[in-house]
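Trainee: Read off the chains here:
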Amino acid sequence: MKRSTQPVIIKIKDTRIRIPALLHRQMLEDLRRPHEFASERVGFLHTSSVLLKTGVLVIVAKVYIPVDDPDYEDDPTVGAKISSSAIRKAMQGIFDRKGGCFHVHLHDNDGPTGPSRTDQKGLPPVAESFSNISGEQANGFLILSRDSFYAVVKMRGVKGFLSPSCISVIGQPMLFRYPNSKRVGGKPVNDRQGFLGPDSPYLFENVKVCIIGYGGGGSHIGQQLAHIGVKNITVYDGDRIEGSNMNRLIGAWFQDVKEKLYKTDIAKRTIQKIFPGAAIRTINSRWQEQPEYLHESDIVIAGVDSYADRQQLEAECRRYLIPAIDMGMDVFEKADGSFAIAGQIILSMPGMPCLHCFQYLTPEKLAEEAAKYGNAGPRPQVVWPNGILASSAVGILVDLVTKWTKRRDQTIYLQYDGTNGWLTDHPRGKYAPKTCAHYPLSQIGAPTYTTM
Amino acid sequence: MTYDMDQIVELKRIAPNLSQAEEGGFSYIRIAGYSLPEGCMPATCDLLLCPQPRDNYQSRLFFPSQITGCVARNWNGNIRVLGENWFAFSWATKPNLRLAEMLLVHINGLR
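Line by line, the protein sequences give chains A and B.
Anchor point for the first sequence: position 187 equals 187 in this note's numbering, and the numbering is continuous, going up by one each time.
Position in the second sequence (from 1) plus 1000 gives the number in this note's numbering.
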């Protein structure tokens, strides 16, 4: 059979780079260290990239390796000149990690940055060299400023270089930068939420939020995101509305039950009536069946029913560096025959404690649920605790996006006592380990198997 | 998670193409191109063995799809592990089995 000599052409419609906050801090600290003669420092950010079925390229940063001091060459005409030995080490890292690599340096100023003439001339060939040896992985160069980025991406099979639409730092506080997006002016909808910061309209315009489960909790989320002005919303739910949902599904009409509408149809109608400019994507299935839309998202808010679903979702979100806000409630019958409402809101932030660290997920709970085949039967649910939990989850999301509270590195595990109306910090949040042993940074990105 | 070399050697005599990965505190062994019992469809597939307690089972074996042409079992589908969707049927194994025995006990559930 004759082999085709045509190069494979790949179409990429969007590129997103995600960097763990720990690595971002590490890069800034390292690149600011003085060198004996070089006026700038250089490092290499090793990454893992996945090209989704949707044509979106997601790049997650895994390891930052500084260039060793002896690998700089004394050249006063440029900020930093590194030796071929430094490049060889980076290439070895690409082989060892089966990933991609970005040349990184710092322009130590506030605000947007871009390549100097020297960068424009010298860095694309470095990215191309990396691309030649790293198969289908993305490579490139990244320039940091104190609070922003410039990056270009090289992918084999793609002509020229790609400009990422979003570069984000995943941690607390989060940092979102959209290099191709212009600042948007305030609209009347923003008049009363100006305290969220001058960037908040631009952030709400660009951030991609995913709602998993459009039930009692998710429907409050959709409605509130629309009021806030969050434009890009993906909603997963495979169920059609039933009469028993009418006590709590915000935006549902009696007629919807007769017409057996998908809950996602109700989501779309509700959100677009409030915010006609919203870009709603609705997926009538479990996220596991079409995970690529989840992978594209910047933040997830989930109202799922089972511990097993939470476990799977958290694992997937950690892999793609997506913060996930879990919310849930239950009604319990107490020993004296009375009832109590309890719930929780937990932020699962990559690099920080996970649901296992918080002991919200335990082998015992997962085993007990599995013993019932995940079927706990129809459980009592009511609208007002859903509303409280969902509102709090939206508050957490808005803070992550806008940083208006200036909160840093704080774990969030709120417990809800619906009988007394209390929402308080759970002690397990306070005493959770600071770093997560269940999802180390080494395991982010596409799974890598080691031959036995 | 580390395994005894003699157990891996023994498992490789049944399933030579093994690799391992971890996720969420669980360790998994991927068994590439395993031949399922006669009549099963597909006849060959990759398997994912979780040799530690998970989901109320002492160990679990995941398949890339629901296997047909064998005894009907209680299957659960689209379980997301290591970035892929897997299927598994309810099948209890005893604790402390060697890896090879563990795999074969699960596979016998298809007969």
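There's no promise every hint is true.
Below, a list of computed lysine-lysine pairs in the BS3-like style, where the Cα atoms sit at most 27 Å apart [unchecked claim]: (1) A:Lys187 to A:Lys159; (2) B:Lys1012 to A:Lys372; (3) B:Lys1094 to A:Lys365; (4) B:Lys1012 to A:Lys98; (5) A:Lys11 to A:Lys53; (6) A:Lys53 to A:Lys159; (7) A:Lys81 to A:Lys13; (8) A:Lys372 to A:Lys406.
Take a look, some chain B residues computed to stay more than 10 Å from chain A by CB distance [unchecked claim]: (9) Ala1021; (10) Leu1047; (11) Pro1053; (12) Thr1068; (13) Leu1097; (14) Ile1107.
Think of the hints as simulated: they come from the structure by calculation, not from any bench.
Yeah, the Cβ is synthetic: ideal placement off N, Cα and C, and Gly gets one too.
Trainee: Compare the structure with each hint and give your call.
Mentor: Outcome of the hint check:
no.	hint	in the structure
1	A:Lys187 to A:Lys159	violated, 39 Å
2	B:Lys1012 to A:Lys372	violated, 35 Å
3	B:Lys1094 to A:Lys365	holds, 20 Å
4	B:Lys1012 to A:Lys98	holds, 25 Å
5	A:Lys11 to A:Lys53	holds, 10 Å
6	A:Lys53 to A:Lys159	holds, 19 Å
7	A:Lys81 to A:Lys13	violated, 34 Å
8	A:Lys372 to A:Lys406	violated, 43 Å
9	Ala1021	violated, 5 Å
10	Leu1047	holds, 13 Å
11	Pro1053	violated, 7 Å
12	Thr1068	holds, 20 Å
13	Leu1097	holds, 18 Å
14	Ile1107	holds, 19 Å
Hint violations for this structure: numbers 1, 2, 7, 8, 9, 11, all remaining hints satisfied.
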